[in-house]
Amino acid sequence: DTAVSQTPKYLVTQMGNDKSIKCEQNLGHDTMYWYKQDSKKFLKIMFSYNNKELIINETVPNRFSPKSPDKAHLNLHINSLELGDSAVYFCASSQIGLAGGSTDTQYFGPGTRLTVL
Amino acid sequence: LAKTTQPISMDSYEGQEVNITCSHNNIATNDYITWYQQFPSQGPRFIIQGYKTKVTNEVASLFIPADRKSSTLSLPRVSLSDTAVYYCLVAPVETDKLIFGTGTRLQVFP
Chain A
1 DTAVSQTPKY
11 LVTQMGNDKS
21 IKCEQNLGHD
31 TMYWYKQDSK
41 KFLKIMFSYN
51 NKELIINETV
61 PNRFSPKSPD
71 KAHLNLHINS
81 LELGDSAVYF
91 CASSQIGLAG
101 GSTDTQYFGP
111 GTRLTVL
Chain B
118 LAKTTQPISM
128 DSYEGQEVNI
138 TCSHNNIATN
148 DYITWYQQFP
158 SQGPRFIIQG
168 YKTKVTNEVA
178 SLFIPADRKS
188 STLSLPRVSL
198 SDTAVYYCLV
208 APVETDKLIF
218 GTGTRLQVFP
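These protein sequences, in sequence, are chains A and B.
Counting in our numbering, the first sequence runs from 1 upward without gaps.
Counting in our numbering, the second sequence runs from 118 upward without gaps.
To be clear, the hints were calculated from the coordinates, so they are not data collected in a lab.
Beta carbons: idealized from backbone N, C-alpha and C, even for Gly.
Please note that the accuracy of each hint is not assured.
Here chain B is said to cover these stretches of chain A; the calculated rule only asks that three of the stretch's residues, wherever they fall, bring their Cβ under 8 Å from a Cβ of chain B [said to hold, decoys possible]:
| hint | segment |
| --- | --- |
| 1 | 44-51 |
| 2 | 67-79 |
Estimated spans, in silico, between C-beta atoms of each pair [said to hold, decoys possible]:
| hint | chain 1 | residue 1 | chain 2 | residue 2 | range |
| --- | --- | --- | --- | --- | --- |
| 3 | A | ALA99 | B | THR170 | 35 to 41 Å |
| 4 | A | ALA99 | B | PHE156 | 27 to 33 Å |
| 5 | A | LEU83 | B | PRO209 | 34 to 40 Å |
| 6 | B | SER196 | A | PHE42 | 26 to 32 Å |
| 7 | A | THR115 | B | GLY132 | 47 to 53 Å |
| 8 | A | SER39 | B | LYS171 | 42 to 48 Å |
| 9 | A | SER65 | B | PRO227 | 44 to 50 Å |
| 10 | A | GLY16 | B | SER158 | 25 to 31 Å |
| 11 | A | THR13 | B | ASP184 | 19 to 25 Å |
| 12 | B | ASP184 | A | LYS22 | 30 to 36 Å |
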């Protein structure tokens, strides 16, 4: 019944490794997002996809590559992990995204805590 | 995008009404005001949204004065479970890009 789910919940890995975080929403929403919350609790948007099309791409290193196989899934792949990538990553979805703008409620997943050693 | 300013933290006791004020002096005509709540180890959750005057739902009320340069989130009779970080966001209706500030950490004591 979870609306927006993420796996894994915790991810501990070594520097230089490649890892992926998966996100799925069962709300039938058209738009999905990835956010990063750092150790100081600042929550920043990274990407958004609408119907599998990249809409928002903030200033994020190109080691981060989102992939949307279908509109219910938005996975985040990270290459060559660095210490500074340690954070909590949240996936979110909204019904229509840009078309609804800021009036379109975003639903967040439980987060994935990534720790890079 | 309009910049928001809100208190870093607030303390309250169970059963009290809590009002968290957010300043957004450069709010634009097409900006909406939205509040999200984040519990520890969870993602943010939408609480309420408004454009002007007063909005009320089952969780909270949002008061917006006529000049819209500030807004106040009102939580009636808080309980321990309302301990969370509350974010005030201001964004134009044309964008779904949410900018989260530092938020207000509300601690409710028994």
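Each hint tested on the structure:
With a threshold of 8 Å between beta carbons, the proposed coverage of the segment 44-51 of chain A by chain B holds, since 3 of its residues qualify and at least three are required. As drawn, the segment 67-79 of chain A meets chain B at 0 residues by the rule of a beta-carbon pair under 8 Å; below three, the given contact is violated. The hinted range of 35 to 41 Å is not satisfied by ALA99 (chain A) and THR170 (chain B), whose Cβ atoms lie roughly 26 Å apart. Between ALA99 (chain A) and PHE156 (chain B) the beta carbons are some 30 Å apart, a value that agrees with the proposed interval 27 to 33 Å.
For LEU83 (chain A) paired with PRO209 (chain B), a C-beta distance near 36 Å keeps the hint of 34 to 40 Å intact. In this structure, SER196 (chain B) and PHE42 (chain A) meet the distance hint of 26 to 32 Å, their C-beta atoms being roughly 28 Å apart. Judged by the Cβ atoms, the range 47 to 53 Å given for THR115 (chain A) and GLY132 (chain B) is violated: they are separated by roughly 39 Å. Taken as a hint, the range 42 to 48 Å is violated for the pair SER39 (chain A) and LYS171 (chain B), whose Cβ atoms sit roughly 37 Å apart.
For the hinted restraint 44 to 50 Å between SER65 (chain A) and PRO227 (chain B), the CB-CB distance of approximately 47 Å keeps it satisfied. The supplied range of 25 to 31 Å is met by GLY16 (chain A) and SER158 (chain B), whose beta-carbon atoms lie about 28 Å from each other. A hinted range of 19 to 25 Å is violated for the C-beta pair THR13 (chain A) and ASP184 (chain B), which are about 50 Å apart. Hint check: ASP184 (chain B) to LYS22 (chain A), Cβ distance near 45 Å, so the stated range 30 to 36 Å is violated.
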